[in-house]
Every structure is written in structure tokens, then in C-alpha cells.
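**Q** If you want the building blocks of each chain, they are given just below.
Protein chains: 4
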Amino acid sequence: MNATRSFPPESELEALFDQLNNTGRWGTDDELGTLNYITPAKRVAAAALVQTGRALSIARDLDTTQSPNNPSPVRHTMCYQAHEPIGAVDELALGMHGFALTHLDAIAHVYRGQDVYNGRKAAAVATPAGLQFCDILAQKDGIFTRGVLLDIASARGESWLAPDQGVFAADLDAAEARQQVRVEPGDAIFVYTGLQKREAAQGPENLGQRVGIMPDAIRWMHERRIAVYSGDCVDAFPNPYSVRYAIYFHAIALAAMGLILLDIPALEPLVEICNELERSDFLLTMAPLRIRGGTGSPVNPIAIF
Amino acid sequence: MNATRSFPPESELEALFDQLNNTGRWGTDDELGTLNYITPAKRVAAAALVQTGRALSIARDLDTTQSPNNPSPVRHTMCYQAHEPIGAVDELALGMHGFALTHLDAIAHVYRGQDVYNGRKAAAVATPAGLQFCDILAQKDGIFTRGVLLDIASARGESWLAPDQGVFAADLDAAEARQQVRVEPGDAIFVYTGLQKREAAQGPENLGQRVGIMPDAIRWMHERRIAVYSGDCVDAFPNPYSVRYAIYFHAIALAAMGLILLDIPALEPLVEICNELERSDFLLTMAPLRIRGGTGSPVNPIAIF
Amino acid sequence: MNATRSFPPESELEALFDQLNNTGRWGTDDELGTLNYITPAKRVAAAALVQTGRALSIARDLDTTQSPNNPSPVRHTMCYQAHEPIGAVDELALGMHGFALTHLDAIAHVYRGQDVYNGRKAAAVATPAGLQFCDILAQKDGIFTRGVLLDIASARGESWLAPDQGVFAADLDAAEARQQVRVEPGDAIFVYTGLQKREAAQGPENLGQRVGIMPDAIRWMHERRIAVYSGDCVDAFPNPYSVRYAIYFHAIALAAMGLILLDIPALEPLVEICNELERSDFLLTMAPLRIRGGTGSPVNPIAIF
Amino acid sequence: MNATRSFPPESELEALFDQLNNTGRWGTDDELGTLNYITPAKRVAAAALVQTGRALSIARDLDTTQSPNNPSPVRHTMCYQAHEPIGAVDELALGMHGFALTHLDAIAHVYRGQDVYNGRKAAAVATPAGLQFCDILAQKDGIFTRGVLLDIASARGESWLAPDQGVFAADLDAAEARQQVRVEPGDAIFVYTGLQKREAAQGPENLGQRVGIMPDAIRWMHERRIAVYSGDCVDAFPNPYSVRYAIYFHAIALAAMGLILLDIPALEPLVEICNELERSDFLLTMAPLRIRGGTGSPVNPIAIF
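Protein chains in written order, with my numbering: chain A, 1 to 305; chain B, 1001 to 1305; chain C, 2001 to 2305; chain D, 3001 to 3305.
Heads up, a few of these hints could be off.
[What the hints assert, rightly or not] From chain D, some residues computed to sit far from chain C (all C-beta separations above 12 angstroms):
id, residue
1, 3030
2, 3047
3, 3069
4, 3169
5, 3181
6, 3200
7, 3216
8, 3224
9, 3290
[Claimed, not checked] Here are the simulated SDA-like pairs of lysine to any residue, each with C-alpha atoms no more than 20 angstroms apart in a straight line:
id, chain 1, residue 1, chain 2, residue 2
10, A, 121, B, 1081
11, C, 2121, A, 56
12, C, 2121, C, 2243
13, A, 42, B, 1052
14, C, 2121, A, 84
15, A, 42, B, 1054
16, D, 3042, D, 3185
17, C, 2121, D, 3082
18, A, 121, B, 1086
19, B, 1121, A, 84
20, C, 2121, D, 3085
21, A, 121, B, 1085
22, C, 2197, C, 2268
23, A, 42, B, 1056
24, B, 1042, A, 84
25, C, 2042, D, 3044
26, D, 3121, B, 1082
27, B, 1042, A, 54
28, B, 1042, A, 45
29, D, 3121, C, 2086
30, B, 1042, A, 56
31, A, 121, C, 2084
32, C, 2042, D, 3054
33, B, 1121, B, 1133
34, D, 3121, C, 2084
35, D, 3042, C, 2197
36, D, 3042, C, 2048
37, C, 2197, C, 2182
38, A, 121, C, 2082
39, C, 2121, D, 3081
40, D, 3042, C, 2045
Calculated directly from the structure, the hints in this document are not laboratory data. For glycine and all other residues, C-beta sits at the position ideal for the given N, C-alpha and C.
Between the sequences and the hints, there should be enough to build the whole structure, so can you do that?
**A** As C-alpha cells, then:
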């Protein structure tokens, strides 16, 4: 296993982008990307994972406190209902991305240069009125599939990965072997590197120095035909790439593969319940708000065991 | 069946409030209300309803257009990401209630006078920092249960109920009989009166003249121990009651019963798929955003068949 | 001069409220309050104060940083104008009051119990659609009058007043005498106690322990017929009063007198220029945003010398 | 006078941009643009215009109603202050530009291609954190100068200009001659074409067919060294220009001249008072909110006669 990470040259990312490109795979007008892997039969099989009936949220609370990793916090305002109110009402204002909010990305959220998923171009897709293709509304019928936890930290025999490390394909294989589980087409994987444990011990993550998914692990996800990636790490920082691949994992996952990304999940309680139940898989359900043109949505994913 | 509705005197509502009061039923600190009816075993049984694997959103799109029934529309703003952007980002601002947004109510959203569910008082519960009891965060682990459509319009042999009509307990019984389905403890019911069809024919609903759930139907829900009420009608307007019961269904459901309310669902596609599949029940999944202190949350409920 | 403050009993505030009550003084429908003191002749006289042509903002920058004294900061968002933008656009969200924003209060912003200025009652004035009387729109034609700085700190021979001190009528007299200036009807006074200097030395003000305007100073303002009060102190905290007079200065100024309040000015640069020019008075100009129903408005007051 | 407008070729605009370019005129770091024409002596002279003491707002009310010309209306929310409130509080959310809000433009609000005033480039100036040069904060000390109304409609002997007409230099000269007034360096001009009268008669303006300032009138403004342009017309639509000059008046005024633009004033009451008092000039005072990085600000300009 690699103790510290090394990055392939950018030319390899260019090749990888082409090799993993799902343009046209599900038709020229497809806006679902890898959600196509979640067939009706897959949903039926996923429902059968519900054995104990325990349910668990894997979202964070919406965070109204400003901090370096949450510069533009959620604004929650209690509103005036009447002078002698018969109820309580409120308003919410939030940005859809960042490092504090559990959220789904629209497939057109990130480009590779001008390239958007399925052959579209950013200048045509992104308008002041919202995304005209692959917005979050495309995912309106939600995600209902098998979720699989992959505990990379435990597979390495560590409590957490240090900020200069990466998650490689071999890590994913090792986690599967240790957990005796196999990721199948249409699954949602949850990659755990122990970030929250590390933050509890060492303070908030430095966004400029982050564990990241390594390029060969992206290929692994493609080959395994996963539908959804989630995890406590995303793009590695720092990395040697130009602006075209500055967030290379987002760029390749979204713009080439149409891979659905669930950012900033709360994984600690998920790890605990998996350990307690001696299971690695569960039914995952979540659905974005129906925001026409939206680049993402806050969500509250639920795992059912 | 009543062609036009008549209302019992307010004194009967006072009695009904007491009879249906679940205060203390699940402990003095309970904030889940009728979600307690959704046991692990209920979840396991609900999962078994997934037979075809078809999934359907029953939310409306977030509505950014101002209208009489949507006076304070959702504000969706595309944001500046960089001068040569590598992605698209956006922001959202919305109010949590009203007649345009599909949303879950927090149990403490509506009071009966000063009374909040489980013996609390509004002055102590509602603060500028948010609800201190029975906020929407209490429902954070989501709702995963059997959903049952009750097609009141068809049971009456009509396309839709006229604005001066009400839904009585007998209507619910008649719908069950016609559909050969029985509502069971922990279910989420979806009461359909054909509102969207009526609006398509006659224009937007007049909020001052609305079909409503009648008091004896609230008792029916209590006796059947449903977990969630949803429907295209809620409180009847006009009604003869004082401010204490101006929205008597919300007041009794939330403040007495702790009954979870899913407001403003999109029922037409649900009716269509139920008719097509000749089914009345399905697996319902939804989860509110984790808003500490929140009075409700936009949601995108998903029905799986 | 009082080294530490003592408060009169609440019964004296009740009497003071009645004695200073301007109800009906300018007609039963008056919404201008003490702005009535700013006559056309007063404006002409104020314009003549412009001698050097120097202009100075006495507002703070809008503050987007969250802190104990700014819990709900201004939200400023750069917006997406186009993929190859020909300009920059943005949005702003802010609350109208608090301790970080330079703002004008609407006269109906604060009540004494149920009492609003000019005989109105809060339950009728305050609605979810905004204030129906004495909103900030009433001040739409702006404030153009003589401003007078009263340097209480220097009059006491101190750099700043300690948090347990108060500003008494005698302080105002002493400042006038030291500065050889006299406050006249229609003036806007700026009371300076050195708060920003104190904060620079000792850290942010503790909102629970604040220098305040003492009741006899409110009477002084009434007798002098000032149009506008501004300063780096407002209500004293802690104080011994019930909720009816918890913010007694706001309550008496707004609800009895209809005295216009400009909260959270930036006084340090004003003190500097006054010292440099050896002047205590200047032309003050400011105008609220035209917010129908608004309880206040952010402003940028300008002093012209 | 031109009955219908004709546009010079775009090459003439390129030349005009260069001829009117104030880059370096007031130093390489200047962010004030034509506000430099408002000298202290100019302010003293402007103050002397206050003769009657009458004050008039020339802003529109903030508009919370959605319409084709106000697609993203101001959001004004009354907030929860307490269960038995002692006051009323509220929040405001708004976009800074458009056709409904009276607002000042920051000089860097509009570019000509990549060109921003004083030699800067848009890619460096515009960031997600706000404008880094020539933001609205640069205008923080406000605008205090002579205002001059130029009634183009009356000079043409019409109630209003038709949508296919333009305002030429000759119109400005004719208005001066008719009104016996002369625009001087540092003045703020208010060009009136009768738009509100036309809208009252013919309905809301079609934003795709608008009266506009013609290129030779921009040269006139440069030669006269005005500090501020305001009026009920801005850029002519349709026009024959490329995206580089799609809003040619904004592009040349802001990016070449650094000319301050006050958009969407309410001119009808100003015309009335000028007619009543038989005056064309007055003291103008206004100041933007202190928004660091802001591209503009809502304002309430006040005319004092």
C-alpha cells in the first residue's frame, strides 16, 4: 500500500477521461449518468437488504456557524407569524456546495475545461436561469440502492489516513477483502478514511492538504459500475494539475462518467452501526429537492439495515 | 355521504383534542409523536412492498414564480464561481410552509392556543433561535413506511370534490372498501380529492374556500394509528372556529396527536401509477433536512412500488 | 458627575413615558415623529454649515463575518452573469438591526408593552406583511439637518466610559459647555463615549454590560427637541427594569417621543475630523431605503463640513 | 431632431471608447472616476442651492412583486422577535441591479470585453469574494453635488419619447436652451424622456425596445465633465452591436470614463417640483451602502431645493 501518494502526469488524466467517458452510453439525451445502473431489479434487490429495520441518517446538521471550512453558513430565520402566533414559521438560505453541507451534486456541477457530461458544453449548459442540462432535477426520482461501506482506515490498520495520503484502487480491493463484501453494479459506495476521528483529534481539516481519491481508484469505480460515490475524501490537495484537472476526481466523475457524487456525508455513525451489526451493506435512500436548474441539493441520506 | 359539510361546535373540538391527545404516550420527552408507530418491524414489512422496483417522486418542483398561492416564492440564484468557471454553483432561499412547497411539518409548527405537543407551551418552545422542542430535527432519521393512497374522489364517483366539501371518516372507509385495502398502524396515508384535476379545469384553488379534513376523520386517523397524513386537502375554509381552532386539523394533529403532516404533495402521478399497477400501497421514503430548530423542511418523498 | 450609574424606579419611567409622549402633537396620523422638528427653514440653515466641502461617511462597512456581536452577518453573494460575463452582479441579504449594522429605526420598531407611537397598538401595527404604521418608508424623504457631536468622554476627561457607566443630562450639558456648542431644535446629536477606542484596547463590547443613556438624558433630548439621536451607546445593560422597559431608551424614544434613532454609527472618524476642524457641528444627510412596512434600514449617513 | 435613431458603426464606438478613456487621468490607482469632478468647492457651491428647504426622494419603493421587468423581486421578511414581542424586526434580500431598483453602479460593474476602468482587467477584478477594484465601497463618502434635470420630452414638445427613439447630444443642448440652465463640471444630470408617463398610458416598458442614450450624447457628457448620469433611459435596445458593446452606454461610461451611473430613478415627482419651483437645479445627496466588493447598492437619492 502506498504510504504517500504520487500523481500520474496530467496526460494520463486526459487519457483516463476518454477511457471512462460514458458519453452516448445511455443515449445522447441521457441526464442520469450512472443512475442508469440502478435498474428496477436493483431496487428490488436493495429493498431485501432491510432485515432489522434500523434507520440511520448519514447527513450532518445544517451548519449556521461561520468557520474557515464553512465561510458562507446556512442562514435560518424564524419568521413573524402574527402578534399572538398560532404557530412557528421560518426561512432558510443556503449555498449548495462546500465542505459543511451534506449534498448531492448535479452532474453538470463541474466541467473538464468546457466539457460537460454527454457531450455538452458549459457555455451552453450554464445560464443565469440555471443549468439547462443535467441539473439536479434530473435526479428527481431519488436514489434507492444498495450502499456499501468501504473502511479504508481499518484496511490499513490505522485510525485515519494522514492528510498526505491517497485512496488507491488497491485500498478499495483491500477493504473488500477484509470486509468480505463485493461492490456490484449500481451500488453506492461510502469510502471511509477516518476524517471525523482525525478532526476530533487534530482539529478541522486544512482544505489545502486533503486525502484524496487517486486516479486508479476512479478507474476502479468505472469498472465496477458503481452508481454513487460518497466518502470523507474527494479530490486530493495539493495536486500537480492545471486548472483543467484542479479537482480531477469531480471533473472525471461528473463530466466524463456522469457518476453521482454525494459530498460531505456523516460517516462515523454509519461505521459504528456497520461494526455493531457486522454488516457492510444496507439500503440507501435519498432524494434531492426538485430544483429546476439547480447545481446540487442538500439531502439527508438514510441507511436502512 | 355528505354533499356539503357541516361543522361540529367548537366545544366538540375541545373534547376531541383531549380524547386524541398523545401527551405522555411515548414518554414525557418524546419528540417523535406518531413516528413511534413506525417500528423496526414496520420498516421491514414496508420494504417487502417493493416488487416492481419502480420509483416515483411525489413532490412538486420548487416554485420560483410568485402568485396568490405562492406569495413568497423560492429564490434560486446562480453564483459566480470564477471568471473562467470550472463549474456551476448556486444558492437557495425559501420559506418552509405555504401552499406551493412540498414540505414536512415539525410537530411544534402549530399550537392549540399555547399548547404544543406533549405538554409543552409555545412561549417556551418557540424562540428566535428556533424551536427548542419537537423541531424538524427530531425527524432526522427519516420516514420509511407503508404508504396508502385513499382516492376519495373515485369513492364518491367524482373527478374531484367541490371546494365546499369535506372529507369525513365515512369517506375514508368508503375508499378503503372500494380499493380493497386497509390502513394499518404506522402507515402514511395520502388522501386524494382531485385537487390538481380541479385546478387544471377551474384555475388555482381559492385559499379561502377549501376542501378540508373533517373532525371525525381526524378521530379515524387516531384510531387507525397512522404515522403520517398527507393529501391534497388539509383544513377546511371557511370554518366557524375561533383562532384557537382556525386551522383545527393542524392544531389537533400536531399539538394533540403529534401526527406527522406532509403538506402539498403532488398526487396526480401517484394516482396514475396506482391505477396502472392496480395497487394502493407502496413503500414511502423521505427525510427532512437536518435543520436544528426548524419548523419544517422541504422534502422530496419517493414512492417505490 | 456620576462615577457609577443608579437607575430610578420603574414607576418613574412610567411617568417619564407620559411626560415625554408626543401622541397627537403633530396630528393623529403623524408618522414622522421628531422629524417634524426639521422644518424647511432648518434645512436651509443646515445647508449653510457646509464651509469646507469635506464629506465623511459615518457608517460601518457591512459586516459579513459572524461573531458574538454579529450572530447573523450580512450575506453578500457574487452572481453568475454569463459564461463570458460582460459585468459583475451580486445579491445582498441582511437583518435590519443588531450591533453590527449602521441603521435607522422605524418609529414602530420598538413598543412599550403594546404601545406604539401616536396611540397605536402593536397587534394592529405589526403584521407578517410589515408594519402598517410608522414603518421606515415614513422617513422616505430623508434626513437633512444639523448634526452635533457631543464628546462625553472628553468632557469627563477620559478616553472612554467604562461599561458600568451611564450618560446623564449633566454629561450632555458638560459636553456642550466644553465644546462651546448648543443643541437646537431639529438637530441630530451624536453622543460619543469612546466605545471604539475601548474595544480596540479591551476587545469587543460585552452586550450584557453596556454604557447607556440614562433616563434624565432622555428628558434632556425631549426638552431640546432634537430630531435624531445617534451615539455609541443606547440602552444601559444590565438594568433593573421589567420587560416593559427592558430597552427603556428605545421604548421611550420610539414609542413615546417618536424620536428617530440612528444605531451603530462609526464615530471615530467623526471625532477626528471635528477635532481637526475645531468644529462640533456639520450638515448631516442620510436617507433610508424605501422599504414599505420595514422596521428599519441600513444607511450610510454622510457628514459634510 | 432625429425622429428615429440611427447607430454609428461599432468601429466608431471603439474610437469613442479610446477618446473618452479616463485611464490614468486621476492616477493609476484611482477608483473614484468622475466623482473626482466633485471637489470640496463644488460641494460648497451645491449646498448654496438649498433655498426653500424642500426635500424629495427620487427613489422608487423597493418592489417585492415579481413581474417581467422585476423577475427576482426584493424579499422582505418580518422576523420572530419573541413570543410576546417588544418590537418588530425584519430581513431583506435583494439583487443590486435590474429595472426595478433605484441603485448606484460600482464602476467595475460593467466591462468592455475584459476592460475595466483605469486599465484593470475583469478576470483579476471580479472574484467570488467580490470586486477587488472599483467596488461600490469606493463611493463610500457619498455624492453631494448639484443635480440638473434635463427634460428631453418637453424640449421635443412631446409627453414622452417613443421606444424607438434616442437621446442625442442635440437633445441635451436643446433641453439646456429651453430650460435656460447649463450643465457644469461635477454635476449630476437627470435625463427625462417621460417613461413613467408612457408606462402609465401604454403599460410596462418592453425591455427589448428601449429609448437609449446615443453615442454622441456620451461624448457630450464627457466634454461637460459631469460626475453622475441618471435618467429614465440608459442603453438603446435593440442596437446593432456585438456583445462587446451590447450595453454600449454602460460599457463606455463605466469602463472608459469611470462615470457614475444612478439607475432607475423616480423622475416624475422631480419633474413636478422643478416645474412648480421653476428651477432646473437642486442639491443632490445620496450614499451607497458600504458593501466591500459590491457591484452596486440600492440608494435613496434626495433632492433638496
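**Q** Each hint needs a verdict: does it hold in this structure or not?
**A** Results for each hint:
1. Residue-level check passed: residue 3030 (chain D) sits 17 angstroms from the nearest beta carbon of chain C, beyond 12 angstroms.
2. For residue 3047 (chain D), the shortest C-beta to C-beta distance to chain C comes to about 4 angstroms, within the 12 angstroms cut-off, and the non-interface label is violated.
3. Every Cβ of chain C is farther than 12 angstroms from the Cβ of residue 3069 (chain D); the closest lies at roughly 16 angstroms, confirming the non-interface assignment.
4. No beta-carbon of chain C comes within 12 angstroms of the beta-carbon of residue 3169 (chain D); the shortest separation is about 25 angstroms.
5. A cut-off of 12 angstroms between C-beta atoms confirms that residue 3181 (chain D) is not in contact with chain C; the least separation is 20 angstroms.
6. No Cβ of chain C approaches the Cβ of residue 3200 (chain D) within 12 angstroms, the least distance being about 19 angstroms, so the stated non-interface status holds.
7. Residue placement check: residue 3216 (chain D) keeps its beta carbon more than 12 angstroms from all beta carbons of chain C (closest about 23 angstroms).
8. Residue-level check passed: residue 3224 (chain D) sits 21 angstroms from the nearest beta carbon of chain C, beyond 12 angstroms.
9. With a minimum CB-CB distance of about 4 angstroms to chain C, residue 3290 (chain D) fails to clear the 12 angstroms threshold, and the non-interface call is violated.
10. For the given pair, residue 121 (chain A) sits about 16 angstroms from residue 1081 (chain B) by alpha-carbon distance, which is consistent with the 20 angstroms threshold.
11. Note on residue 2121 (chain C) and residue 56 (chain A): the hinted pairing is violated, with a Cα-Cα distance of about 49 angstroms set against a maximum of 20 angstroms.
12. About 17 angstroms separates the Cα atoms of residue 2121 (chain C) and residue 2243 (chain C), which keeps this hinted pair within 20 angstroms; it holds.
13. Simply put, residue 42 (chain A) and residue 1052 (chain B) have alpha-carbon atoms about 10 angstroms apart, close enough for the 20 angstroms limit, and the pair holds.
14. Straight-line distance between C-alpha atoms of residue 2121 (chain C) and residue 84 (chain A) comes to about 13 angstroms, which keeps the hinted pair within the 20 angstroms bound.
15. Note on residue 42 (chain A) and residue 1054 (chain B): the hinted pairing holds, with a Cα-Cα distance of about 10 angstroms set against a maximum of 20 angstroms.
16. With a CA separation close to 9 angstroms, the supplied pair residue 3042 (chain D) and residue 3185 (chain D) stays within the 20 angstroms bound.
17. Between residue 2121 (chain C) and residue 3082 (chain D) the CA atoms are separated by roughly 17 angstroms; this keeps the pair inside 20 angstroms, and the hint holds.
18. As the CA atoms of residue 121 (chain A) and residue 1086 (chain B) are separated by approximately 11 angstroms, the hinted pair is consistent with the 20 angstroms bound.
19. Taken as a hint, the residue 1121 (chain B) and residue 84 (chain A) pair is honoured in the structure, with Cα atoms around 13 angstroms apart against an allowance of 20 angstroms.
20. The straight-line distance between the Cα atoms of residue 2121 (chain C) and residue 3085 (chain D) is roughly 12 angstroms, inside the 20 angstroms bound, and the hint therefore holds.
21. Note on residue 121 (chain A) and residue 1085 (chain B): the hinted pairing holds, with a Cα-Cα distance of about 12 angstroms set against a maximum of 20 angstroms.
22. Pair hint residue 2197 (chain C) plus residue 2268 (chain C) holds up; C-alpha atoms about 8 angstroms apart against a cutoff of 20 angstroms.
23. Straight-line distance between C-alpha atoms of residue 42 (chain A) and residue 1056 (chain B) comes to about 15 angstroms, which keeps the hinted pair within the 20 angstroms bound.
24. Between residue 1042 (chain B) and residue 84 (chain A) the alpha-carbon distance is near 40 angstroms, which puts this suggested pair outside the 20 angstroms criterion.
25. Distance restraint check for residue 2042 (chain C) and residue 3044 (chain D): the Cα-Cα separation of roughly 18 angstroms lies within the 20 angstroms cut-off, and the hinted pair is therefore satisfied.
26. The hinted pair formed by residue 3121 (chain D) and residue 1082 (chain B) meets the criterion: a straight-line CA distance of about 14 angstroms does not exceed 20 angstroms.
27. Distance restraint check for residue 1042 (chain B) and residue 54 (chain A): the Cα-Cα separation of roughly 10 angstroms lies within the 20 angstroms cut-off, and the hinted pair is therefore satisfied.
28. Annotation: proposed proximity of residue 1042 (chain B) to residue 45 (chain A) holds, straight-line Cα distance about 19 angstroms (limit 20 angstroms).
29. Between residue 3121 (chain D) and residue 2086 (chain C) the CA atoms are separated by roughly 11 angstroms; this keeps the pair inside 20 angstroms, and the hint holds.
30. As the CA atoms of residue 1042 (chain B) and residue 56 (chain A) are separated by approximately 15 angstroms, the hinted pair is consistent with the 20 angstroms bound.
31. Taking the CA atoms of residue 121 (chain A) and residue 2084 (chain C), the gap is near 13 angstroms; set against the 20 angstroms cutoff, the hint holds.
32. With a C-alpha separation of about 10 angstroms, the suggested pairing of residue 2042 (chain C) with residue 3054 (chain D) holds against the 20 angstroms cut-off.
33. In summary, the hint linking residue 1121 (chain B) to residue 1133 (chain B) is supported, as the alpha carbons are separated by about 10 angstroms, within the 20 angstroms threshold.
34. Pair hint residue 3121 (chain D) plus residue 2084 (chain C) holds up; C-alpha atoms about 13 angstroms apart against a cutoff of 20 angstroms.
35. Between residue 3042 (chain D) and residue 2197 (chain C) the CA atoms are separated by roughly 34 angstroms; this puts the pair beyond 20 angstroms, and the hint is violated.
36. For the given pair, residue 3042 (chain D) sits about 14 angstroms from residue 2048 (chain C) by alpha-carbon distance, which is consistent with the 20 angstroms threshold.
37. Taken as a hint, the residue 2197 (chain C) and residue 2182 (chain C) pair is broken in the structure, with Cα atoms around 26 angstroms apart against an allowance of 20 angstroms.
38. Of the pairs offered as hints, the one joining residue 121 (chain A) and residue 2082 (chain C) holds, with about 14 angstroms between alpha carbons and a cut-off of 20 angstroms not exceeded.
39. Only pairs whose Cα atoms come within 20 angstroms are accepted, and residue 2121 (chain C) paired with residue 3081 (chain D) is accepted, the gap being roughly 17 angstroms.
40. Proposed proximity of residue 3042 (chain D) and residue 2045 (chain C) is supported: the alpha carbons are some 19 angstroms apart, at most 20 angstroms.
Violated hints for the displayed structure, listed by number in ascending order: 2, 9, 11, 24, 35, 37.
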